[in-house]
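**Student:** Single-letter residue listing:
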Amino acid sequence: MTPGQIALRALIVGFIVSFAIITGFAYTTLLERKVLARLQHRVGPNRAGYIPLPRRGGGPERKLLAGFLQPAADAVKLFFKEDMTPGKVDRITYTLAPMITVMPAIILLAVIPWAGEITIFGAEFTPYFAIAPGLNVAVLFLLAITSISVYGVVLAGWASNSKYAILGGIRASAQMISYELALGLTVLIPIMLADSMNLGDIVAAQANGWFVFRQPLAAIVFFIGMMAELQRAPFDLLEAEQELSAGFNVEYSGMRFGMFFMAEYMKMIIFSAIIVVLFFGGYRGPFVDQLPGLGFLYMILKIIFFLFMMIWIRASFPRFRYDQLMGLGWKRLLPISVFNFIIVAVFIVLQEEGVFDSLLKLLGVG
Amino acid sequence: MGSGSVFIVFILMALVSVSAAVMMLLSKNAVHSALWLVLNFTAIAVLYVVLNAPFIAMVQITVYAGAIMVLFLFVIMLLGAEQLQGISGVHGTERYHRAVAFVLVALLVVGFGVVIFNGGTGGGETAVIDASPVALGLRLFEAYVLPFEVTGILLLAAIIGVAVFTRRKKKEA
Chain D
1455 MTPGQIALRA
1465 LIVGFIVSFA
1475 IITGFAYTTL
1485 LERKVLARLQ
1495 HRVGPNRAGY
1505 IPLPRRGGGP
1515 ERKLLAGFLQ
1525 PAADAVKLFF
1535 KEDMTPGKVD
1545 RITYTLAPMI
1555 TVMPAIILLA
1565 VIPWAGEITI
1575 FGAEFTPYFA
1585 IAPGLNVAVL
1595 FLLAITSISV
1605 YGVVLAGWAS
1615 NSKYAILGGI
1625 RASAQMISYE
1635 LALGLTVLIP
1645 IMLADSMNLG
1655 DIVAAQANGW
1665 FVFRQPLAAI
1675 VFFIGMMAEL
1685 QRAPFDLLEA
1695 EQELSAGFNV
1705 EYSGMRFGMF
1715 FMAEYMKMII
1725 FSAIIVVLFF
1735 GGYRGPFVDQ
1745 LPGLGFLYMI
1755 LKIIFFLFMM
1765 IWIRASFPRF
1775 RYDQLMGLGW
1785 KRLLPISVFN
1795 FIIVAVFIVL
1805 QEEGVFDSLL
1815 KLLGVG
Chain V
-17 MGSGSVFIVF
-7 ILMALVSVSA
3 AVMMLLSKNA
13 VHSALWLVLN
23 FTAIAVLYVV
33 LNAPFIAMVQ
43 ITVYAGAIMV
53 LFLFVIMLLG
63 AEQLQGISGV
73 HGTERYHRAV
83 AFVLVALLVV
93 GFGVVIFNGG
103 TGGGETAVID
113 ASPVALGLRL
123 FEAYVLPFEV
133 TGILLLAAII
143 GVAVFTRRKK
153 KEA
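For the protein sequence lines, the chains are D and V, in the order given. Here the first sequence is numbered in this note's numbering, starting from 1455 and rising by one per residue. Here the second sequence is numbered in this note's numbering, starting from -17 and rising by one per residue.
Hints are computed from structural coordinates only; laboratory data are not their basis. Certain hints may be false.
[To be verified] Quick list of in silico lysine-lysine cross-link-like pairs, DSBU-like style, CA-CA up to 30 Å:
| hint | chain 1 | residue 1 | chain 2 | residue 2 |
| --- | --- | --- | --- | --- |
| 1 | D | 1542 | V | 10 |
| 2 | D | 1617 | V | 10 |
| 3 | D | 1617 | D | 1535 |
| 4 | D | 1531 | D | 1542 |
[To be verified] Sample of chain D residues facing chain V (criterion: CB under 7 Å; computed from the structure):
| hint | residue |
| --- | --- |
| 5 | 1590 |
| 6 | 1591 |
| 7 | 1594 |
| 8 | 1597 |
| 9 | 1598 |
| 10 | 1601 |
| 11 | 1604 |
| 12 | 1608 |
| 13 | 1612 |
| 14 | 1627 |
| 15 | 1647 |
| 16 | 1651 |
| 17 | 1667 |
Each residue gets a CB set at the ideal place from its N, CA and C atoms; glycine is no exception.
This is chain V alone, in the form it adopts within the complex:
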C-alpha cells in the first residue's frame, strides 16, 4: 500500500476507535458498552495491520475481541446487570471519583503536551522490523526470553489463584 492509502485507513480507524471508546463511556446499557469496546478493539487490530504487524492484529482480535469480551458479556448477562443504576450519592464517595478523574486527565494532558512540544514520540527513528510470525517468535524467545518467562509465571500464578479461590471448601472434620 502507498503511504496515502495508509494515511486514509489510519484516519478512518482512528475516528472509529476514538468514537467507539467515547460511546462505550457514554452508553447507559452495559451490553452496548461492551459492544462499543469490541468495535474499538477491532479498529485497533486494523491499525496493527496497517503498521505491518498482522500477527499482533490477529492475536488482538482472538484474545481481546474474542475471548475477553465474550466473558464480559457472559458475566453481564448472567448477573442481569445491563442497566446502569445511578451511582451518585452511594456512600458519598463520588467526590473522590471526580478528584481522581481530574488528576488522571490532568496527567494525560500534561503527558501529551510534553510529547507534542518535544517533537513527537520519535516514531520516525524506529527501524522497520520484520514482523512475520517466525521473526516475532525468534525475537520473543531469543532476545526477550526472560520477560517472556516472567510473564508466563505471573499468568500461571493468576490461574492458580483463581483455582484456589473458586475451590469448594472441604467440610472441616
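Pulled out of the complex, with its shape left as it was, chain D reads as follows:
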C-alpha cells in the first residue's frame, strides 16, 4: 500500500472508532447510573425513552429498555446550559484545559486492536483492525499518552483560581505520578511474555492462554493502577465532594464541564480495552480464527465486563484516605510490581537457557 492509502484507511477507521467511542461514552454513563441504582436498591433513570409493552389482562403497561434516551437528554442539557467563565481565571489555560483532557483519551484509541486480520467490503485490514496497526512501540505509545493526560486536570485546577480546584489538581498530579510507576512496571510483563511491544503480537501470543492466568498478580496490580489513573472511586480524591465540593472542575459549567465528564468515561472504556488487550486475550475467543468478525464482539463484551467491574467497585468501596492512597501506591504496589518483574525476567532467561529441561532430566522425569 502507498502512504496515501494507509493514511486514508487510518482516517476511515479513525472516524468509525471515534464515533463508536462517543456513542459508547454516552451509554456508559447510562450503564453506570442504572447499575449503581440497582446496587443501591433503586430503579435509576427510566423516564426518557422506553418501549411500552401492553400487559396481558389490562393493568399498567410494562416498560422495556426504560431510559435509553437519557444520554441524549443529558447531552442536550449540557449543551444548552450557560457556559460561564469566572472572573479571575487564567483565561487561555482555563479554555484549553478541557480540550487537553479529552484529547489524550481520543489519541489512545489509535493503537488499540479491535479485531484480527479481517476483510470488510473488500478492504483487507492487516495485521489487525486498528487506526495505526503494526506500530512496534504501541505499548510505549500508550504509556506516553497516559503520562501526559494528567495535564488537563492539573491545569483545570490551577487555571480556575480557586482553592478547592487547585487542591484537586495537586492531588491529581501526585496520585498519577505515584501510580504510573506501578502501571509502567506491570505493562512490561505482557511485553516480556509476548516478546514484543506490538499490541497485535501481544494478543497473538495469548492464543494458548490469556496472560491473566500466567500472571494474575500483574493483572491485579494493573487493574488497581488503572483505577487510580482513571481517578475512579475509590481513588477519586481529586473530586472528593465532601472535602473539595467537586475538586478540579468546580468552576466549570456547561459543555466545558461536559468535556471532563466525557474524558472520564471515554478513558474508562479505553483503559478497559487496554487491560483486555494486555491480559485478557484482546479480541481472541472461541471460533475467532474462522470468523474474524467475532473479534469485535469479544472485545466489546470484555470491555463491558470491566466497565461493570469498575461500577461495582465504585458502589462497594469507600474512598481512600490520602496517606492510605500514597501508602498503597508506594509501599505495596511498587515493590510488588518490581519483584514480580524481576522474577518473571529471571524465569524467562532460565527457561531460554534450558535450565528447567536439564533440571527435569536430572530428576529423571524428562
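Given chain D's structure and the hints, the job is docking chain V onto it.
**Tutor:** Only chain V this time, still in chain D's reference frame:
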C-alpha cells in the same frame, strides 16, 4: 514518507519547537513557561519520529513531557510561585548574569559558525541504523554496556542521595 513531506514536517516542528522555547523564556508566568516547555518537548518527539526513532520519541514524551514536567508543575503550584518577581537588583548580582549569558551566547555563535563553515555536521555520512526497540536494546546492552551501567549507578546514587537528604533526623539520645 517521501523526503519532501519529511522536510515539511521538519520545518513545521522546528518552527514550533524554537518558538515554544522562546515563549518559555519570555512568558512571565511560571506555569505558562512550563506549558511552553511541554510543547517544545512534544515537537522534538515528533522530530525523533521523523528521524525514524519512534522508541526515543515515546520515551521523550513519557519521561520529559510526562513525568518531569508534571513534577515541575506540581512544585510551582505547591509553592505558589507562578508570578515572576522582579529579580533586578537583588544582591546586585545581575551584572554577573549578563556577563555569563553574554559569554554563553558568544560560545554558541562561535560553535555554530565553526560547524557551518566546516560544511555541516557530517550528518550525511552517518549510516542509517535499525532503530526498532529490539535493535536498540541489543545495541545498548552489547556495544554500550559499560556506559549504560555507569549511568545506572549515577542515577542510583542520586536516588539514594535524595532518600538520605529527605529522611527525618532521629532525635539524638
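**Student:** Are the hints correct? Go through all of them and say.
**Tutor:** Hint check results:
{"no.": "1", "hint": "D/1542 / V/10", "result": "holds (17 Å)"}
{"no.": "2", "hint": "D/1617 / V/10", "result": "holds (22 Å)"}
{"no.": "3", "hint": "D/1617 / D/1535", "result": "holds (24 Å)"}
{"no.": "4", "hint": "D/1531 / D/1542", "result": "holds (26 Å)"}
{"no.": "5", "hint": "1590", "result": "holds (6 Å)"}
{"no.": "6", "hint": "1591", "result": "holds (5 Å)"}
{"no.": "7", "hint": "1594", "result": "holds (4 Å)"}
{"no.": "8", "hint": "1597", "result": "holds (5 Å)"}
{"no.": "9", "hint": "1598", "result": "holds (4 Å)"}
{"no.": "10", "hint": "1601", "result": "holds (3 Å)"}
{"no.": "11", "hint": "1604", "result": "holds (6 Å)"}
{"no.": "12", "hint": "1608", "result": "holds (6 Å)"}
{"no.": "13", "hint": "1612", "result": "holds (6 Å)"}
{"no.": "14", "hint": "1627", "result": "holds (5 Å)"}
{"no.": "15", "hint": "1647", "result": "violated (15 Å)"}
{"no.": "16", "hint": "1651", "result": "holds (6 Å)"}
{"no.": "17", "hint": "1667", "result": "violated (26 Å)"}
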